[in-house]
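**Student:** Spelled out from the first residue to the last, the chains are:
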Amino acid sequence: DAGVIQSPRHEVTEMGQEVTLRCKPISGHDYLFWYRQTMMRGLELLIYFNNNVPIDDSGMPEDRFSAKMPNASFSTLKIQPSEPRDSAVYFCASSRDRTALSTDTQYFGPGTRLTVL
Amino acid sequence: TQLLEQSPQFLSIQEGENLTVYCNSSSVFSSLQWYRQEPGEGPVLLVTVVTGGEVKKLKRLTFQFGDARKDSSLHITAAQPGDTGLYLCAGEVTNAGKSTFGDGTTLTVKP
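Quick mapping for you: the protein sequence lines, in order, are chains A and B. One point on numbering: in this note's numbering, the residue at position 32 of the first sequence is 32, and numbering is uninterrupted. Throughout, this note's numbering is defined as the position within the second sequence, counted from one, plus 117.
Read the hints as simulated data drawn from the structure, not as lab findings. Nothing false has been slipped in among the hints.
Simulated restraints, written as ranges between beta carbons of each label pair: (1) Arg177/B with Met15/A: 45 to 55 Å; (2) Gly16/A with Gly133/B: 46 to 56 Å; (3) Val172/B with Met15/A: 46 to 56 Å; (4) Leu175/B with Gln17/A: 39 to 49 Å; (5) Val145/B with Pro54/A: 24 to 34 Å; (6) Glu14/A with Gln131/B: 44 to 54 Å.
Being a predicted model, the structure only gives us computed values, none of them experimental. We treat Cβ as the ideally placed atom computed from N, Cα and C, and that holds for glycine.
Hey, can you work out the whole structure from these sequences and the hints?
**Tutor:** Next comes the structure, spelled out in structure tokens:
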């Protein structure tokens, strides 16, 4: 199994530009999570999907952020327009469907390091 | 306000020493996970605990879930340089559908 795949690994862009981050979850996983990690705020959950449907987007900071999951094997996180304060490492994670007795075991991708100048 | 408080924030020790890091909350969790994250990589799951008072061992690492399921600890015996990394705890509040992460403990083990 290739694990969670994210692209690009690094992105440097200028303020005001559109940024699109991509994620391929582990096959068979029904949950997909987008996180942002910074030194100041740690690891923050932005949004998560279950069976391609957004369940909770309360962590999305502003309307400039949007996420989609058109099918079970692909998701995007878009920032438009980007700002310097969006600079962070963005992680995608996936997990299996959960029963009442199972636990939230998430497998993380390697992350995308975004720098907005 | 951080739902999960981790302490200490930073810890630097010599190889061979023992250490304990803590994860505390006022909330009850249905499960709690510990992750280790190395520079340039995503967090990797170490263990999941689900029962109050549960103790799990993973080689030199011992994880304990508090009786009330509000806190947890990670104890490392005879630390090695390979244990260096960011240790994160994450808890799932019952029926919340998502996990909340602590700020982490950055551990440095010097040879």
